[in-house]
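2 protein chains.
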Amino acid sequence: MKLKVRKIPIEAGKIIAVLNKNDAEKLGVRTLERVRIFGEKCEIVAIIDVSEKFAKEGEVLLSQDCFEIYKIREGEIVKVNPEERPESVKFIRKKLSGAYLSYNEIEKIIKDVVEKKLSDIEIAAFLTALYIRGISMEEAENLTKAMIKTGKTLKFRKKPIVDKHSIGGIPGDKTSIVLVPLVASTGLVIPKTSSRAITSPAGTADRMECIAPVEFDAEEIIKIVNKANACLVWGGALELAPADDIFIQIEFPLGIDPMLFPSILSKKKSVGSQYVVIDIPTGRGAKIKTVEQAEDLGEDFIELGNRLGMRIECVSTYGEQPLGHAIGPALEAREALLTLQGKGPEDVVDKVCTLAGVLFKMIGRGNKALAKRLLYSGKAYKKFKEIVSAQGGEPEIKPKNIPVGNKKLEVRASRSGKVLWIYNHYIASIAKAAGAPKYKGAGVYIWKKIGDNVKKGEKLFTIFAEKASKLRSAENLVKENFPYVIGKGYGTEMKLKKIPEEKREARIFILER
Amino acid sequence: MKLKVRKIPIEAGKIIAVLNKNDAEKLGVRTLERVRIFGEKCEIVAIIDVSEKFAKEGEVLLSQDCFEIYKIREGEIVKVNPEERPESVKFIRKKLSGAYLSYNEIEKIIKDVVEKKLSDIEIAAFLTALYIRGISMEEAENLTKAMIKTGKTLKFRKKPIVDKHSIGGIPGDKTSIVLVPLVASTGLVIPKTSSRAITSPAGTADRMECIAPVEFDAEEIIKIVNKANACLVWGGALELAPADDIFIQIEFPLGIDPMLFPSILSKKKSVGSQYVVIDIPTGRGAKIKTVEQAEDLGEDFIELGNRLGMRIECVSTYGEQPLGHAIGPALEAREALLTLQGKGPEDVVDKVCTLAGVLFKMIGRGNKALAKRLLYSGKAYKKFKEIVSAQGGEPEIKPKNIPVGNKKLEVRASRSGKVLWIYNHYIASIAKAAGAPKYKGAGVYIWKKIGDNVKKGEKLFTIFAEKASKLRSAENLVKENFPYVIGKGYGTEMKLKKIPEEKREARIFILER
Numbered sequence: 005m006k007l008k009v010r011k012i013p014i015e016a017g018k019i020i021a022v023l024n025k026n027d028a029e030k031l032g033v034r035t036l037e038r039v040r041i042f043g044e045k046c047e048i049v050a051i052i053d054v055s056e057k058f059a060k061e062g063e064v065l066l067s068q069d070c071f072e073i074y075k076i077r078e079g080e081i082v083k084v085n086p087e088e089r090p091e092s093v094k095f096i097r098k099k100l101s102g103a104y105l106s107y108n109e110i111e112k113i114i115k116d117v118v119e120k121k122l123s124d125i126e127i128a129a130f131l132t133a134l135y136i137r138g139i140s141m142e143e144a145e146n147l148t149k150a151m152i153k154t155g156k157t158l159k160f161r162k163k164p165i166v167d168k169h170s171i172g173g174i175p176g177d178k179t180s181i182v183l184v185p186l187v188a189s190t191g192l193v194i195p196k197t198s199s200r201a202i203t204s205p206a207g208t209a210d211r212m213e214c215i216a217p218v219e220f221d222a223e224e225i226i227k228i229v230n231k232a233n234a235c236l237v238w239g240g241a242l243e244l245a246p247a248d249d250i251f252i253q254i255e256f257p258l259g260i261d262p263m264l265f266p267s268i269l270s271k272k273k274s275v276g277s278q279y280v281v282i283d284i285p286t287g288r289g290a291k292i293k294t295v296e297q298a299e300d301l302g303e304d305f306i307e308l309g310n311r312l313g314m315r316i317e318c319v320s321t322y323g324e325q326p327l328g329h330a331i332g333p334a335l336e337a338r339e340a341l342l343t344l345q346g347k348g349p350e351d352v353v354d355k356v357c358t359l360a361g362v363l364f365k366m367i368g369r370g371n372k373a374l375a376k377r378l379l380y381s382g383k384a385y386k387k388f389k390e391i392v393s394a395q396g397g398e399p400e401i402k403p404k405n406i407p408v409g410n411k412k413l414e415v416r417a418s419r420s421g422k423v424l425w426i427y428n429h430y431i432a433s434i435a436k437a438a439g440a441p442k443y444k445g446a447g448v449y450i451w452k453k454i455g456d457n458v459k460k461g462e463k464l465f466t467i468f469a470e471k472a473s474k475l476r477s478a479e480n481l482v483k484e485n486f487p488y489v490i491g492k493g494y495g496t497e498m499k500l501k502k503i504p505e506e507k508r509e510a511r512i513f514i515l516e517r
Numbered sequence: 005m006k007l008k009v010r011k012i013p014i015e016a017g018k019i020i021a022v023l024n025k026n027d028a029e030k031l032g033v034r035t036l037e038r039v040r041i042f043g044e045k046c047e048i049v050a051i052i053d054v055s056e057k058f059a060k061e062g063e064v065l066l067s068q069d070c071f072e073i074y075k076i077r078e079g080e081i082v083k084v085n086p087e088e089r090p091e092s093v094k095f096i097r098k099k100l101s102g103a104y105l106s107y108n109e110i111e112k113i114i115k116d117v118v119e120k121k122l123s124d125i126e127i128a129a130f131l132t133a134l135y136i137r138g139i140s141m142e143e144a145e146n147l148t149k150a151m152i153k154t155g156k157t158l159k160f161r162k163k164p165i166v167d168k169h170s171i172g173g174i175p176g177d178k179t180s181i182v183l184v185p186l187v188a189s190t191g192l193v194i195p196k197t198s199s200r201a202i203t204s205p206a207g208t209a210d211r212m213e214c215i216a217p218v219e220f221d222a223e224e225i226i227k228i229v230n231k232a233n234a235c236l237v238w239g240g241a242l243e244l245a246p247a248d249d250i251f252i253q254i255e256f257p258l259g260i261d262p263m264l265f266p267s268i269l270s271k272k273k274s275v276g277s278q279y280v281v282i283d284i285p286t287g288r289g290a291k292i293k294t295v296e297q298a299e300d301l302g303e304d305f306i307e308l309g310n311r312l313g314m315r316i317e318c319v320s321t322y323g324e325q326p327l328g329h330a331i332g333p334a335l336e337a338r339e340a341l342l343t344l345q346g347k348g349p350e351d352v353v354d355k356v357c358t359l360a361g362v363l364f365k366m367i368g369r370g371n372k373a374l375a376k377r378l379l380y381s382g383k384a385y386k387k388f389k390e391i392v393s394a395q396g397g398e399p400e401i402k403p404k405n406i407p408v409g410n411k412k413l414e415v416r417a418s419r420s421g422k423v424l425w426i427y428n429h430y431i432a433s434i435a436k437a438a439g440a441p442k443y444k445g446a447g448v449y450i451w452k453k454i455g456d457n458v459k460k461g462e463k464l465f466t467i468f469a470e471k472a473s474k475l476r477s478a479e480n481l482v483k484e485n486f487p488y489v490i491g492k493g494y495g496t497e498m499k500l501k502k503i504p505e506e507k508r509e510a511r512i513f514i515l516e517r
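Protein chains in written order, with the working numbering: chain Y, 5 to 517; chain H, 5 to 517.
Some hints could be false.
A pair counts as met if it fits within one copy or between any two copies, since identical chains are not told apart.
Said to hold, decoys possible - The calculated lysine-lysine pairs, modelled on DSS-like cross-linking and capped at a C-alpha distance of 27 Å, are: (1) K8 with K471; (2) K231 with K453; (3) K483 with K30; (4) K11 with K231; (5) K98 with K365; (6) K18 with K57; (7) K6 with K411; (8) K411 with K452; (9) K365 with K422; (10) K502 with K94; (11) K83 with K11; (12) K18 with K83; (13) K18 with K30; (14) K121 with K453; (15) K412 with K83; (16) K120 with K83; (17) K389 with K376; (18) K25 with K442; (19) K453 with K422.
By construction, these hints were calculated from the structure, which means they are not laboratory data.
Given the sequences, and given the hints that come with them, work out the whole structure.
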């Protein structure tokens with residue numbers, strides 16, 4: 005069938021062809037099936053969307069994406085034929101049926117994901133099947149390799165290349181900003197690419213951006229790392245394992261995270277990491293609830309790392325409350341800077357030095373004590389300023405010069421006692437309601453932590469916002485879900501929570517990279 | 005956030021709001037999350053699609069569907085707030101985790117599907133989970149009930165109401181067109197609603213449409229059935245269990261069919277059926293391969309029927325080759341008419357009379373012998389003419405007056421021997437390539453059936469098409485996948501098929517209702 009191409013200004017994220025109902029019937033094709041389009045200078049396989057009115061008879065509408073990838077022009081007359089499902093759909097069905105997939109099958113799926121050839125429902129079925137059926141270690145290895153192969157990689161001159169990663173879930177975790185310069189100050193190469201927040205009030209890239217630019221292309225990053233031995237940049241535009249970014253878009257609304265291992269390790273391997281320490285925040289309010297669960301997860305990380313030629317060590321860290329006091333990009337950037345200046349909260353310092361120590365031991369170049377010396381001697385801070393400078397930031401920036409929101413609300417204790425519990429996800433929700441991460445100055449500063457004694461009327465936390473309306477939203481959330489539990493002591497007042505008769509609120513889903 | 009409504013002429017099949025990237029960030033929402041839109045006269049919960057260029061800052065684009073369902077007008081200024089996931093998504097996640105769902109949970113999901121509140125990926129995850137985790141009998145019952153409750157129902161004066169259904173998969177199955185008038189001629193009420201082809205060359209509605217109109221609204225159907233005791237109509241526009249139609253749109257591209265029972269029985273119960281005979285075509289080229297599999301399936305149908313207050317009997321029928329000789333809407337309509345005139349092929353007659361006999365016995369009103377008498381006495385044909393007349397067709401239509409394609413190709417045997425095998429799905433593909441079901445005169449007429457002796461050069465089958473290009477496509481398919489196997493006899497030449505080293509062709513997926 006001959007049809008005329010019309011462009012629709014939609015970024016569909018996949019190769020979509022909208023056909024009129026009558027044309028589709030003549031071709032014998034339906035929505036979500038495929039056609040092959042023969043243009044003058046290209047052949048396109050597109051997923052069909054059948055429309056009664058939007059597409060007129062005789063025309064085929066192509067989304068923005070097609071024009072970016074293929075040499076097709078508006079108004080061109082193209083031949084359109086029905087096209088079989090791609091082979092990768094067969095392999096997805098195989099996984100649905102419970103079979104294990106081979107490397108070739110996995111590569112075909114990942115390749116078609118990256119090339120926008122699979123529809124959202126096909127990707128959703130694949131991720132659901134991985135979630136329900138589970139992934140064998142060999143599949144995880146193959147998924148990781150295929151995700152690396154279908155993306156770009158960064159190559160650095162100097163070795164060894166090390167990295168640190170957290171599986172996330174703890175509000176206020178600014179560890180990387182302190183750890184990266186600390187490690188780099190010993191001469192190790194640590195090219196840290198990180199994400200922006202997905203479900204949290206701040207990602208490492210959001211925090212760092214309050215101090216220096218974080219968006220660079222591959223060439224620029226190589227220059228920065230050659231100069232400073234390290235970087236603290238956003239990985240999003242580098243096309244490292246781009247399949248992962250597409251999977252996250254589907255995983256997030258479904259609230260499932262079956263690709264945790266391949267997702268993290270493909271990014272690490274893509275920048276050539278040889279030694280990686282993985283932080284597993286552990287606690288009842290974290291993603292991983294117990295040390296036993298952390299052990300299971302850690303063992304799998306280590307084995308998968310081995311298979312990929314990376315040495316990995318994992319540390320289960322205390323994750324029952326936010327790290328430090330500050331939550332939100334600017335507040336956390338301030339706290340990270342203070343820590344580098346030797347004035348950080350105890351827990352932040354301990355976490356940074358513990359993880360750095362594990363990394364040093366892996367390579368046989370020191371321990372936690374070394375990490376502390378590097379921090380308190382100012383060497384880490386000196387290196388940080390080199391990194392900031394290499395990334396085009398102002399190295400002498402002072403914490404108080406990082407602007408935070410000027411709309412504030414102080415929340416005080418309604419009784420005296422001991423802080424028994426802080427709900428991580430309520431704190432995160434309040435910071436997000438206040439505007440984080442979009443408004444960098446928004447967030448929460450917590451004054452009291454678990455185990456602290458408080459008096460009635462004492463400040464528990466302060467909410468910062470840039471906009472009054474956002475502050476009000478955050479205030480409403482505090483009333484709905486108060487994030488602190490204050491009591492006499494552990495196990496003295498026995499009621500934890502009365503289970504409501506009616507519906508429970510939705511569980512929080514944490515998806516961070 | 006206040007935004008201005010703009011209409012986009014897309015029928016999305018769900019309630020979609022396209023937001024500009026900057027507005028979405030300010031709201032803290034992402035693609036596939038949701039917003040609540042407060043209009044002057046309505047509140048709409050929409051699924052978000054974030055766009056960089058298509059939606060400008062300050063506007064919200066709503067698809068056609070919104071304007072059909074809600075009192076919203078273009079240019080209206082609306083308030084847009086982030087909205088939590090609907091509860092049904094929580095229940096879908098519960099099924100993903102392997103839990104069984106209660107009636108209330110299932111009803112919430114089905115209701116949100118029908119009201120277009122769930123995104124395709126959420127529905128895909130649900131169907132994938134049902135496919136992998138399986139459905140308990142109680143869940144099947146609850147799914148069926150919820151699907152009936154969220155749709156319309158038809159009520160007929162006279163009783164008992166009976167029905168016949170095939171799970172499909174056999175090309176050329178024109179049983180219903182003969183069985184319905186035959187059964188109705190005894191005074192039983194049989195309001196047969198059927199579908200158009202989904203994956204086959206013809207559905208009952210496509211065949212019947214060659215003889216009489218099949219598209220009616222509920223009121224018209226009630227009139228037809230009150231007059232003729234029966235109908236042979238398309239069920240698509242009646243909104244009987246409309247959730248099913250939405251599920252089929254996702255099941256088909258994924259090649260899974262987890263909702264077989266609820267799908268079929270919800271439609272039957274929605275028209276008030278009390279006694280139903282279900283045909284399970286069985287054979288190596290059919291959906292169900294062995295009698296044992298058919299027994300398992302049949303037992304579940306019977307139990308589910310009981311739970312829904314319907315008596316069901318199931319018959320496993322020979323399904324290794326097409327039924328009769330004709331495949332394609334018009335060719336099959338001719339053959340059905342010939343059968344009603346007492347000149348039908350042996351297998352068509354036997355199938356019709358067997359199934360009708362089972363139905364008669366269920367109600368205690370006869371048997372297969374009665375069915376044969378009704379057919380050969382002309383009573384069934386007389387009733388058929390009443391139905392045709394009631395549906396506004398020409399009752400005296402002759403088989404030869406039903407037009408078939410005038411482009412023909414005869415395919416002959418390349419060796420002498422016995423017909424050992426006919427590939428059902430190759431025959432179906434050839435008929436579809438020739439243009440069926442869109443071009444009603446297209447199809448295949450098979451001259452030789454399994455067990456027949458053939459001489460080299462003798463006609464095996466004839467392809468009919470309305471368009472020369474379609475005939476060529478069908479001819480190419482014949483070369484690629486020859487649908488007949490001719491040999492000396494069973495088990496004398498031992499090779500069935502050499503398994504190819506490289507890729508195998510995709511398995512055929514049959515989805516018929």
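Quick one: which hint numbers does this structure break? Sort them smallest to largest.
Violated: hints 2, 4, 5, 9 and 14.
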